[in-house]
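S.K.: Protein chains in written order, with the numbering used here: chain P, 1 to 156; chain R, 1001 to 1156; chain H, 2001 to 2156; chain Y, 3001 to 3156; chain D, 4001 to 4156; chain V, 5001 to 5156.
Just so you know, not all the hints are guaranteed correct.
Claimed, not checked - From the derived model, a few chain R residues whose C-beta atoms are all more than 12 Å from chain P: (1) Lys1036; (2) Glu1037; (3) Glu1044; (4) Glu1048; (5) Glu1140.
Claimed, not checked - Pairs of lysine-lysine residues, derived as DSS-like cross-links and limited to a Cα-Cα distance of at most 25 Å, are as follows: (6) Lys3078/Y <-> Lys3034/Y; (7) Lys3078/Y <-> Lys5078/V; (8) Lys78/P <-> Lys1078/R; (9) Lys4034/D <-> Lys2139/H.
Please keep in mind that the hints were generated in silico from the structure rather than gathered at the bench.
Quick reminder that beta carbons are idealized off the backbone N, C-alpha and C, glycines included.
6 protein chains.
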Amino acid sequence: MILDVYLREIYGAFITNRKGTGMDNERYLRGWEKLKEVDGQAGENVIESLRDIAPDFARLIVEFPFGDIYSRPGLDLKTRELAVVAALTAMGNAAPQLKVHIHGARNVGCSEQEIVEVIMQMSVYAGFPAALNGLFAAKEVFADPNDAQRHLASGG
Amino acid sequence: MILDVYLREIYGAFITNRKGTGMDNERYLRGWEKLKEVDGQAGENVIESLRDIAPDFARLIVEFPFGDIYSRPGLDLKTRELAVVAALTAMGNAAPQLKVHIHGARNVGCSEQEIVEVIMQMSVYAGFPAALNGLFAAKEVFADPNDAQRHLASGG
Amino acid sequence: MILDVYLREIYGAFITNRKGTGMDNERYLRGWEKLKEVDGQAGENVIESLRDIAPDFARLIVEFPFGDIYSRPGLDLKTRELAVVAALTAMGNAAPQLKVHIHGARNVGCSEQEIVEVIMQMSVYAGFPAALNGLFAAKEVFADPNDAQRHLASGG
Amino acid sequence: MILDVYLREIYGAFITNRKGTGMDNERYLRGWEKLKEVDGQAGENVIESLRDIAPDFARLIVEFPFGDIYSRPGLDLKTRELAVVAALTAMGNAAPQLKVHIHGARNVGCSEQEIVEVIMQMSVYAGFPAALNGLFAAKEVFADPNDAQRHLASGG
Amino acid sequence: MILDVYLREIYGAFITNRKGTGMDNERYLRGWEKLKEVDGQAGENVIESLRDIAPDFARLIVEFPFGDIYSRPGLDLKTRELAVVAALTAMGNAAPQLKVHIHGARNVGCSEQEIVEVIMQMSVYAGFPAALNGLFAAKEVFADPNDAQRHLASGG
Amino acid sequence: MILDVYLREIYGAFITNRKGTGMDNERYLRGWEKLKEVDGQAGENVIESLRDIAPDFARLIVEFPFGDIYSRPGLDLKTRELAVVAALTAMGNAAPQLKVHIHGARNVGCSEQEIVEVIMQMSVYAGFPAALNGLFAAKEVFADPNDAQRHLASGG
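Hey, can you work out the whole structure from these sequences and the hints?
M.R.: See the structure below:
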């Protein structure tokens, strides 16, 4: 609710400032719907958490990753989320975002088994420490979905 | 053919040496079948290329990644290969193996569009240079499948 | 020239497809001008090189990195380019793009000394191998600016 | 004790399921002995911590890293552990496992000085932040060996 | 004060031990002044925190990064600090040191806007998770400069 | 020979410029001896290759990695070189320097088997692609030691 006001406020300022009306508005709204579909409440939290440090970045996250990339056809959301869980597990340096996407993977219909399998598979490509840290992240998210939401305050 | 002799030779030596009979033989054969299913000729090339530097590592690649991980149920091969393409694109430091798995992804039924989509998606998680280098790798593999096979001499 | 036709073609298809008229057109054109300002001919080459593998990604590169990020006020182009040279040197896994941005840094007014200094500084944060590989990239670009342009076929 | 029951349970299920008798049993037992030699109580903790999220991965850790790799001749355990401390310090993205292996290095006979030296050396190859974070990890493990054991619940 | 005693003590021991008189003393003092100029109290904290684990490394940090690199002409301190913030954001595996340098950037005259801009820019080169984690680090340092100082106990 | 002239020239300019006489001269000479002990002709090549791009960095490489770090007691050169081979294999983004240190490891007395073992071990900590690329680097260096020397023109 407060977030709604905030979003209208920053996006309104943006619209007014750039005098854009058509396309970007569409991109933003398309991105916003997609972000909610993938991340749920978590999506709103990350936007909120950027409010006082980089409000423009909140808008860019809605527009590019969600409005441009996730909205593309050619790959279903389940496969997209498993691919992100794989990549973030392998990179091993973005724990909050890994948790967000483990949560997101379940949100779009992946089973816990599928998530565990794709993380285990990363032991081959990025080593056992990366896979272990991915499994412990999954354990926390599966045990407490609210944990994922709290982490959404520092991820996306 | 020559490879067959070589494989019998190193695996035979291994079997004799450890006096194992049942299980590991099964793991190795299961892994070997899976490796051929995913990587085709490329799989045989990587084994061959390790012959004079680390023959035991050739055996371990057959046994662990293919015999243990890829043979697990719970995730189909298409999803596994797209996840690896995503991870190796994001890591950005294993170009030969990325090409092998772009080739492998097609081998197990992924369309070129699906591969391009998952690489493009990595721009969000690992940046545009990683995604660009992934796309150029895909371009080379799509243009010349034999290129992938040549690279298999230095990948897996 | 041929590129112009190509760009009109892909962007035209995009515009027609999405029926956008105002904002995104602006973003794209703003990005295109910025890309030429930073990368010159190199910018056009990277777009061209994506033509047959991922034409949409060519458009996204114009729109997000250049139309959204580089067009922002608050940081001059010289500082932005030195920051990218620093980051890509430190990451050490995107050699073609590092060369492009060493070229871009000179394009927007950085001296060779400034570029060498920022790369040397990375020895502190990412180690001597990363700094050495950065210096050798700079050496090649300084010696042959056309080298940078050739690399632009595989970078951005 | 409870762990013993658990291990018999998962390994028993595995044996029954695959009908393996000889070789793999040997690998598992060989790995288990090696894991205890290197990591002590910590080894048992990491197995236990995977119980409810990925019990098969617990088995794979015993079998591949410890049963296959650490059991190989050709390199003594002290050199192996210093090499791992070097690698994990340089990678900088696996803090819990770095602590486990600092603990493991001492376990197999490395002096604190040797561990500190190899971490300091990483400043040359991976930068000062990586070396500093390695040194602070060592400081914590040296000050409180139980700290390492607690971390073993999220490492290996 | 206590630190002064400590520094005299370790440096004195070093001087005595190596019988150096001229040059290195100059390097050390030049580095020490530069470290205080960039990091303020934080610089002293990191030296102090290494006291019991690796006192020689404390000296090397003063001498090489600060005495050798930061003291070089050719790049002003503001640009150097923004380059480090960019690099550490992109690497994503050295959170304590990133905070120290966000603090350092402000110390040498960078505005909060400049710091936020360079971090946002890293979304292009290292992905959105890296940029997000950088922004959250900045948020914490801006909100509580003492937070940065506390982190200096584990950074540099 | 030409290199000798060059070295005297840059180091002479440095000495004159800073009016240092004692300590640093010692560090530089100590580093130079150590660099030759570890890398042989390769060490001279890397210095030479920096001549026209960053001569000061050539001096810093002699002074810090070799004069300060490698000259420390507490760890023998064989262990140091195996630790570097492990770290560079695991990082996977510094191929020329990995080759230099595989060559260096042999130079200080490591057997080919020890080098192969430590690289294979990295499959556990950094994944199979990293280990494979390390093994192929070793294969090239073992097959043609001059190959290592050529790579020393772009490494250290």
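S.K.: Which of the numbered hints above does this structure break?
M.R.: Of the numbered hints, just 9 does not hold.
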